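Assemble the whole structure, with the sequences as input and the hints as a guide.
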Amino acid sequence: MSVLTLNNVSYKYEGTKKNVLAGISAEFEMGKVYAIVGKSGSGKSTLLSLMAGLDVCVNGEIMYNGKDLKKIDRDIYRAKGIGVIFQAFNLITNATAVENIVLSMNISGVNDKNKKSYAYALLEKVGIDCETAERKVLKLSGGEQQRVGIARALSHNPDIVIADEPTGNLDKDTEADVLGILTSLAHDDGKCVIIVTHSRKVTSIADEIWGINDGKMIPVKQQ
Amino acid sequence: MYIFQNALKNVVRNKGRNILIGIIIFAIITTTVITLGINNTANGIIDDYKTRFGSEVTITPDMQKIMKSGTSLTPRITIEQRKEFSQSKYIKEYKLTANAGISGENIKAVDEATGGGSGTTGMVGDKSEFINPTMQLIGNQFDDFQKGIREITDGKMPENDNECIVSKELAELNNLSVGDVIDVTASLFTDDIDVRNVIYTLTITGIYFDGTEEYGMFANPYLNRRNEVLTTFETITNVVQTDENGITVGSRYFLKDPDMLAAFTTELKAKGLNDIFKVTTDENSYNRVVGPVEGLRSVSITFMIIVLILGSIILILLTSIAIRERKYEIGVLRAMGMKKIKVALGLWVEMLTITAICLVIGIGIGSIIAQPVSNVLLEGQIENAQSDIEGGNVPGFVDMSSIGTSDEPISKLDISLGLHTTLQIIGISLMLATIAGLAAIIKITKYEPIKILMERN
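So the sequence lines, in the order shown, correspond to chains R and D. When the letters of the first sequence are read in order and numbered with the numbering used here, they come out as residues 976 to 1198. When the letters of the second sequence are read in order and numbered with the numbering used here, they come out as residues 64 to 520.
In case anyone wonders, no lab produced these hints; they're calculated from the structure.
Partner residues aside, some chain R positions facing chain D, computed with beta carbon under 8 Å:
1. Ala-1054
2. Leu-1066
3. Ile-1067
4. Leu-1078
5. Ser-1079
6. Ser-1083
Please read all numbers here as calculations on a predicted model, not as lab measurements. The beta carbon of each residue, even a glycine, is placed where N, CA and C say it ideally should be.
This is the structure in C-alpha cells:
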C-alpha cells in the first residue's frame, strides 16, 4: 500500500517561469528502498523538500497515508511522519550528539521515560559509541555527523525516511554501514526509505529507481 | 517541559552572546532599582510632608485686600464661627486655643517685682478699669508636654472647666499645691471700650516642670513662661460674650486631604467667613523642605526613562543580531517539526532566565549603591536650591521668609526597596524580557526552514 503518493506535482521557484518539477506522479510503499537519481539541478532536492513537508507544491498534491500535505499540519508531519537525513546533516551544532537525538524525540512527542538510553542505543546502532555521543556535534567528523543525522531521522520511528545523498561525505566502509542500516530499515522494519543520490552503490541496493530529467520523473528500475 | 530544559541548556551553550545581553539587562535593572528606590522613597516622604504641610489650614487676613479696602479694622472671627468651621466633612482634626492676659487676685507672678506687664494691654489699660496683666491664662495649648519640654510633676492635667495647672516656680512662689484654688482676673472689653473685668476661680489639678526658655527678648513677668496658667479652652471662653474682645482665640484645622482646600474655603465663606480672610496651607514650608527631594525624584525618573528607552533599543538590536546568528538553529528546529510558537517560547524562556539572573544580581547591587547615589544626587539638589535662594532667581521655589525657620530641607533619604518597588522592578524586568522576546518572535515568523537550510547549504 502506498504511504506517500505524488499526484501530478509541479513546482517552480518564486520569480521564475520554468517549472523545476513538472507534473510528477509516483507512489512509494512501505518496506522498500527507493532511489531517486538525476543530474545536478534536475530538481531532486526540491522534490525531497516537498516530500519532507518543508515546502508545498504549486500544482498537484502529495498524499501521506491518503491525506494531502497541504491540508494537514506539516509541522506534525515533519515531527512524526517522516525522518529526513540531510546531505549537510543539519544538526544543532552546539549540542551533543545525544542531545540532538533527545531533542528530536521531544519535538516528536515520543513518550518514553528513558529517551536518553534509547538515544544512546540508537547512536550505537549507527556506530556512535557513548563517549562520542557526549561530544558536541561540531567536534565530530563528517561521517560521525552523518550517522548522528541518521539516528535522529530514526529517533521517532517515522513511516518514511528520506535521505539526501546520505553517503556523500562518507568513506567506503562507513558508506556500506549506512546503506546496510537503510536497507535494514526498509526490509526488516518495514519503513519506506527514499534516497536521493548520485551514487551507483546506493542505487544498487534500491528496490526501485526513479530518474528525474527536465522536471519529469521516470521509472528506471521497478520491481 | 522540554522547551524549558532546552532553553536552559541554550543559556549555557551560548555563553558569550548571553553574557553580552545579560550585561545590558543588568545595567537596566540596576539603574531601575536605584531610580525606583529613590523615586518610591521620595514619593513616600513627599506624600507624608504634603499631608503634614498641606493639610493644616491657616485663616489669616489678606493684607492686600485690607489695604485696598482702606479700613484699619480687621473683621473678627467669633468663637462660635471658629467652632462652626470645625464642623466640616473636610476636617479630620481641629484645635481651638485661647489666651488671656491676667493678674492674680490671691497669687503673685514670678518676676512681678521687676515691674511691667503686657505692653499692648498696658497701653489700653490707661483707663482704670483695665487690669495690668502679669500672667497669661492659656487654654488648650499643651504641645510642650507632648514635646517633653514640660512635664507634670504633681497631680494631673486639667480635664474639666475651671481646672488649671501651674508651673513649679509659680507654685513655690505662692505656696500652692494640688487642690488649691486661685483667683485671676482678665479684662474684657467691647469695641466701644466698655471694660468688664472677669475673675476666673481655678482649682489647681497639677504642677508642672517647665523646661522652656523663661523669657523672650525682655525680662517681663507677662512674658515669663513660668507665669503661664494652663487650662481648658472652654474655661477661658465660656465667660466671653460675642461682642467682647480681650481674649486671643486661635484655631487650627487639619484637612482630610490637602486637595480639599478649595471646597473647605467655599464652605467657610458660606458659613460667614469674611472675604477679607484668606484660607491657605503652608505651601512655602513644604516647598522649602521637600523641594530638593522633588528635584531628586524628577532627576531619577528622567534618568530611568532614558535608560529604559535606550536599554530597550539596545536590547532589541542585540536580540535581533542574536536571532540572526541562530537562524540556522531555528531552521533545523523548524525542519524537525518544532512549531514557531514553541521556538519563540524557547527563546523567550532563555531571555527570562537571563533576566531572572540579572534581576537577582541587579537588585542586590542596586540596593547597595542606591543609598550613596541618592546621597550624592540629593546633595546636588540641596546645593542647587541653596544657590537659587542666594541668587533669588527662582521666585516661589523657596520662600525667603522661611529661611532660618525650623523647617530645614530634607538632607537624607533612607532608600529601601519595599514590596511595591520590588514588584515594579520585576514587572519592568518581565517587560524587558518580553520586548526582547517579541523582537525574536517577529524575526522567527519571517523564517521558513527550507529557505534557511538552502541558504546554509
